[in-house]
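Chemist: As a plain string of letters, each chain reads:
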Amino acid sequence: MFEQNDKIMKIAKKMGFGDVAILSRESERTQVRFANGDISISKKWLSKSTEIFVEKDKRIAGTELSVYDEATITRILESLNKVIKGMSPKEDYYGLAEPDSQYPDIPETYDPKILNADPAELAKAGIDATGLERVAGVLYTDHNKIYLSTSNGAEAMDQGTGIEISIRAFKDPLSSGHATSSARVLSKFNPEKAGEKAGEIAKAVSDPVLGEPGKYEVIFDPLAIGNLLSMMGRFTSAMAVEAGFSFLMGKIGQKVATENFTFRDIGNLPNGYGTRKFDAEGVATRNTAIIENGVLKTYLLNHSYAKKYNMENTANAGIVSPGPWNLYVEPGDYKKDEIFDVSRAIYITNIWYTRFQNYVAGDFSTIPRDGIFLIENGEIKGALKNIRISDNVQRMLENISAIGNAPEQIHWWECEIPVFTPYIRISDVGITRATQ
Amino acid sequence: MEELIELVMDKALEAGAEHCEARYQKTTGTGIPFKNGMTEGVQIANDEGMGIRVLVDGAMGFASTNTLTKESITNALTEALKLAKMSAKVRKNKIRFSEERFQRARYEVIMKKSFLDMSIEEKTEYLKLIEDRVKDTGINVPMRYLIYNELLEHRIFANTEGAWIDSTIPRVVIMYNLVVLEDGKTAQAPFVESAFTGGLEYIEADEPWARAEADVRILQKMLREGKPSPEGKLDIVIAPEVSGIAVHESVGHPYESDRIFGREAAQAGESFVTPDMLGERIGSDVVNVVEDPTIPGSYGFYLYDDEGVKARPRYLIKDGIINEFLTNREYAYILGTHSNAAARAFNYDREPIVRMANTYLAPGEHSFEELIEDVKRGVFIKSFNEWNIDDRRYQQRYVGREAYLIENGEIKHPVVKPIIEITTRALWSSVDAVSREVEFYPGTCGKGEPMQGVPVWMGGAYARLRDITLRR
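Sequence lines, in order, name chains B and Y. In terms of this note's numbering, the first sequence opens at residue 1 and continues consecutively. In terms of this note's numbering, the second sequence opens at residue 1 and continues consecutively.
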């Protein structure tokens, strides 16, 4: 779609805009949704669209279009021009980044075999692997091409594929398990493994009893901690920090987690569902340590925020708001059975509905769902139900007691930003439940 | 556009579809984020496309495109048919739709003060008003994130059963997040919204700038004067913001028929409610919960749903008894009834699914003062920040932002972070009195995969809950 980009760029420059960035996208996405072991609906999205960013005298505006005749482009850009004239300048806008001259290929991001895969068959493989009748979930295949042109000279293209399944199996209404598999290449996609794990968890839930409130050692399955870390990833954006949606405000250089916790954003991670070669300003994506050995090193930045904070650009543009690509917990030394080798703990396999009382203070609660197990001396001693985690994000990060050695990619409906995380054990986690 | 839609209907029937519907939607509008006194940039919405849903041999296929040419639309239809046929081969139970009476209708919500006639400066002025009012308090509010948003949605829905609904709906939103800092401690009013279907006359009457000023004063008061909340068994009076979120989460959601039948099991979850619970008591006899998309000006307003069915109020709980579920055509058929028009899609590229619109606790016979007067020891919870509920909609938690102690029928000092953590049945069974006064609060309700955030109102009356175990 460089032809469309060029057309838009020419008209924009003719109108006197300063910085211009144009990101066009062609995408084809297929979904198979299933519930009660049956396909509920199958979907296909065919879309071609272009995001346009323009600037004039530090006044910035953006829009999106999907019609590319000259009259439409001119009309849309004229509307931006009119809008910009009525705005006040954004004083902390420092222009677009100088683009990189090359964008290295990233392994395991494109596989044409995915385009010919049979989504219904693959979904069935996952469903069958649960060994249970009542199974719900979704399978996606993705094929995307993006084309970036900026007035600073970026001209970059990336193409990617993806395939993923999210699967929840039920033994009965109160006994369920959930697992996922996400991959950019077919050889790394494993619907059977996801199905098996969902089924195993559901089958292990037997006569769950009400959990007791208190402070517990908690073992988080990658699916469970992934959800929380995905949300935490949003808080690492400089935009979120300034807007009052982050507990990390003013903490660069400070200890915010246990010293063996290192948390990264890796935009060029092989097989990462969020991986792409360049950000919205044409800077090559990279590996950024956000928290290193427990110390907050940086927020996620674009060119303007990097200038503002006098820090190195982390290549996470969004021109208005930087954001993470793939979050990554540096693996620890613990094997899975060592994580579980404690005298007493609660094993939480999934969570949802995380909400904050105060984003800046980090106080929140979230609800475990699917299998919840009481662990004693490394063994499952019984299943629990109806508990809630009520704690503080930073306190939990500081109380991490063990990090597993095998990160898994988590990306599903409740975990929008892909997270690579192993099993993690945390001490003194606050657990509550309904009082009546 | 009419020609393209008719082409889809004709071709779908020719190809042997049992049912086909096409939904065209064009969304235009302006978004202005404003952070700590500075415009972040303006976003102009300009999205247009068509979604096509078909039933073939009892299986459902859906495809959408944002290229509105004959070729692209025909291609999307072919894909939808192909996907439905693929599913039909493996689907065990056939999907059927309830019989409905369809109409040709056109409606438009008229803006008294149209955002189409206003400059960007005038729109930004609303945010500056909030900024100024907050600054004038002299309170330290270091983080201020404000958003102005307007959207104009034009939809044309048609199906092979003769429905043709053409609607034009404008929506306006002002949202703010304010963080007060006092002696190293923070208090926050996040995602506070003023939102309506209609023009800016609603925003001007609602005066979110006045509420923002009040909010920062209250946050400071909570930080300065707030005492620990009492714990243990006492009475609680909840204001409409809290009763609204409670009816949305623990009445509206579990009464969605697609959840009840397990279709959302892997996403937003299922429901503690089963089909045979219609007619069962779930609350005290003063509890009435209504779901009504037809309230003029409401954020969740519509007159026809996205399956072309005419909207009407739904009475979810009557006198404490489960009375009605929210349905679309698929689940109305299973329940042996007609759809009550709860099918909504947030854009052309999403399937219509069962959703709420405006859910509220219906008014009772008491004044707010009477609710308070009869409390010996309790807490009045006026607003909340943190909340959540399990995915069967039975175990919920609401944490107060603004709350006060009640002693011998009088409202006393502010109390910090009172926590209600309670089951749905216990919550609604504990209500002994409901106020005459009602208020509504907007929100964006998330459900479906991919996610569909639809505009809703939540609210209703003040309610008094007896003998609740409060925690802090």
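If you're looking for bench data, these hints aren't it; they were derived computationally from the structure. Note that the coordinates shown come from a computational prediction; the quantities given were computed from them, not determined experimentally. Backbone N, C-alpha and C define an ideal beta-carbon position, used for all residues, glycine too. Be aware that a few hints might be false.
[What the hints assert, rightly or not] The calculated DSBU-like cross-link candidates involving lysine-lysine, where the alpha carbons are at most 30 angstroms apart (straight line), are: (1) Y/82 x B/113; (2) Y/89 x B/215; (3) B/307 x B/56.
[Said to hold, decoys possible] Label-pair ranges, simulated between beta-carbon atoms: (4) Y/444 x B/118: 31 to 39 angstroms; (5) B/79 x Y/303: 28 to 36 angstroms; (6) B/157 x Y/69: 18 to 26 angstroms.
[Unchecked claim] Partial list, computed: chain B residues near chain Y (C-beta under 10 angstroms): (7) 38; (8) 41; (9) 251.
Chemist: Compare the structure with each hint and give your call.
Modeler: Here is what the structure says about each hint:
no. : hint                              : verdict
1   : Y/82 x B/113                      : 20 angstroms, holds
2   : Y/89 x B/215                      : 51 angstroms, violated
3   : B/307 x B/56                      : 19 angstroms, holds
4   : Y/444 x B/118: 31 to 39 angstroms : 36 angstroms, holds
5   : B/79 x Y/303: 28 to 36 angstroms  : 30 angstroms, holds
6   : B/157 x Y/69: 18 to 26 angstroms  : 25 angstroms, holds
7   : 38                                : 5 angstroms, holds
8   : 41                                : 4 angstroms, holds
9   : 251                               : 13 angstroms, violated
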